[in-house]
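Colleague: Residue numbers (this note's numbering), protein chains in the order written: chain A, 1 to 221; chain B, 1001 to 1422.
The set of hints was computed from the structure by calculation and includes no laboratory data.
We put the CB at the ideal spot given by N, CA and C, even for glycine.
Be a bit skeptical, because a hint or two may be false.
Anything over 12 Å on all C-beta distances counts as not near chain B; from chain A, calculated [to be verified]: (1) 65; (2) 107; (3) 135; (4) 139; (5) 143; (6) 157; (7) 202; (8) 209; (9) 210.
Calculated pairs, BS3-like style, for lysine-lysine (alpha carbon to alpha carbon, straight line, at most 25 Å) [unchecked claim]: (10) 197(A) with 1390(B); (11) 17(A) with 108(A); (12) 213(A) with 1420(B).
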Amino acid sequence: MSLYRRIMQRVAKHFSKQGFQPSDYGEENGELVFSNGREEVLVKILFEEEADRVLLYEALASVLEKSQEYSMVYVAAPRMVGEEAETASFMKKGVGLILYDDYGVEEKVPAESRFKKPLSRQVQQPAETQSVERSLRRIESLIRDLSERVDSLEKAYFSLLREVRELKSLVERRTMAVEKPVEKPLPRIGEQAETEKLPSFLRDNPWVEILSKRTEENPEA
Amino acid sequence: MSEAYKRSHVLGMDYGTSFFKYGPISLGETPELAENRGYFPDKDAIMTRIMGEGREVVVGKDIPLYLEAREDLPSRLVYPFRNGVIDKNDGRAWQVVEEISRMALREFTPKEEGFNGFYVVASLSAVAPRYMYEKLFDIYRRIDSEEHTVAAVTIIPQPLAVAISHKVPTSVVVESGHGNTQITPISRYPVRTAIIALNRGGGDANSITAEILKDSGYGDLAKEETVVRQVKEQIGLVPRSLDEAIRFGRENPDKLGVVINIPGTRLRITLEENGWLRFLIGEYVFNPNHEIFQSYFARGMPRPGDVKVGDTFFLGMIDMAEAIVQSIERCPVELQPYLYRQIILSGGNFEWRVPQGLENTCVNSVDKIKMMLGEKGLVETGVVMASSPKYSVWRGCIVYGYAVPEGFKWSWDRMEGWMKFR
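Turn these sequences into a full structure, and let the hints steer you where they fit.
Modeller: Given below as structure tokens:
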């Protein structure tokens, strides 16, 4: 296993503890990309034989250029170079600094998270609220429409009810006007209550009176 | 039994040509209906044995369950009142009458305590002879002795029942059914001596329709009675004046051409140039004396003849208006104007329609009779069609039973009153 790869594995192990897995090995330019599914982290590794302070700052400048594309950006440098470096520049720019040696890896300066999720949460929350508000406005408008329709139906119902009552009373008055005079010719046959229960062909039928006298009459007369 | 009991237990039975209408007063406006027929199943038939019943005659709604696809089916299916009169010795017809009467009484016999039988008002044709009354009383006597469901019976002529249900005490009822037409003047009683019967009815209109079908190239269909009847109902027209209608029809064949579809079949009958023949069907019902009918008689169509059935003569060729006039003229002169004012037409043979556009050439039955009477110098006449013709006889029976006093005993002289068996 090459030296580069060993250093990369150490760095990878450090990030794997935080839930990140390497997604891209850029061995040529010493860049590693880690991802946990939601966030991506860029790590620029300086290797021992070429490392010095100038290269460290160049590495800082190069990750800064790409910082918009990742949630966090790091520079990983040999301990002997990194410890001499001024960490203030890293902290100021929000770039993480990782120091490594043969024994392990240390995160000297934690990177500032540029993760979009928290940002997007802030952006999305109002959007969700807006959507809920829109739905509420639509429901309110529907309720208003329904309420208006119920009002108009109620008006129509009461108007029809009034008309039905008027027609009913008119019919009753007419029925009474028609029936009153013809109820009189049936004095011999039963009570009035009984007559009302009879089928239509029996009511006001002159034959009832004629036939009810059958015993009294002589047909030959 | 009390008058109140009688009124609440009146039961009407109308023995019509095709349908038997029956039921008690409590049914209200309309009776129960059953086809007036009976079926004599083949006792050896496997289905009869499976059903496990030894019924000699089946009536009512059960008939379809027993019908067999047999060539002798027509002889096993008996319509006892097909011609209004049942022969005295026609045992099977009387058996059907008994069974159907029994069925009606059983259907409505209440479970109530205190039920002591119905007051049955049966209705027969105006020309039913006395023996039919006697036979029917015997049937009810037998039923009551076995089932105790008949308190008393009376029988009235159907035209009287029609007049009663129409609430008209003085009228002439012209009843035209399948087999014949009866004209009965009524003035509080049927004037029996003035009844005139014609040996012409819906069946004769079918005969002329069959001839028209033959002349139009549908001779094979002319043999099927059901097809002929349907064709008659669809194409038959009553002309205002037959001569003028024929002239109009020949000059305007497009207005009378017709295509008939027989429902449920692929049969299509087309009358184009022969459309004017449609007028012959209606005219024949009212007056078969036009010379044009002679050619049909000459070619074998049976001429309606004068016949005697029971005690009654049925006249064949007399025109309908002449028959009405003759009937009314047998009544007292003073009564005649009142009779002319109330002529009630009843029965399926008067149901003719006037198609749109032919109002100047065709008439309905009411107008035809009015015109025919007008031609005889009678202009002050009132002619009406019976309303609810199907139920009017049953309704008349109910009114009769309701009103005639319970104590009024049957009189063979007057042919009315209650016949009691116990």
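Colleague: Now look at each hint and say whether the structure bears it out.
Modeller: Against the structure, the hints:
Against the 12 Å criterion, residue 65(A) stays outside the reach of chain B, whose nearest CB is about 91 Å from its own CB. Against chain B, the non-interface label of residue 107(A) holds: every CB pair exceeds 12 Å, the least being about 95 Å. Every CB of chain B lies more than 12 Å from the CB of residue 135(A), the least distance being 59 Å, so the non-interface label holds. At roughly 55 Å from the closest C-beta of chain B, the C-beta of residue 139(A) stays outside 12 Å, upholding its exclusion from the interface.
For residue 143(A), the shortest C-beta to C-beta distance to chain B comes to about 51 Å, beyond the 12 Å cut-off, and the non-interface label holds. In this structure residue 157(A) is separated from chain B by more than 12 Å, as the shortest Cβ-Cβ distance comes to about 34 Å. Look at residue 202(A): its CB is around 6 Å from the nearest CB on chain B, not clear of 12 Å, so calling it non-interface is violated. Distance check for residue 209(A) against chain B: the nearest CB is about 8 Å away, which does not clear 12 Å, and the non-interface claim fails.
The beta carbon of residue 210(A) is not kept farther than 12 Å from every beta carbon of chain B, the shortest such distance being approximately 5 Å. A C-alpha spacing of about 23 Å is found between residue 197(A) and residue 1390(B), which places the hinted pair at or below 25 Å, so the restraint holds. For the given pair, residue 17(A) sits about 16 Å from residue 108(A) by alpha-carbon distance, which is consistent with the 25 Å threshold. A threshold of 25 Å between alpha carbons decides the hint, and for residue 213(A) with residue 1420(B) the separation of about 20 Å falls inside it, so the pair holds.
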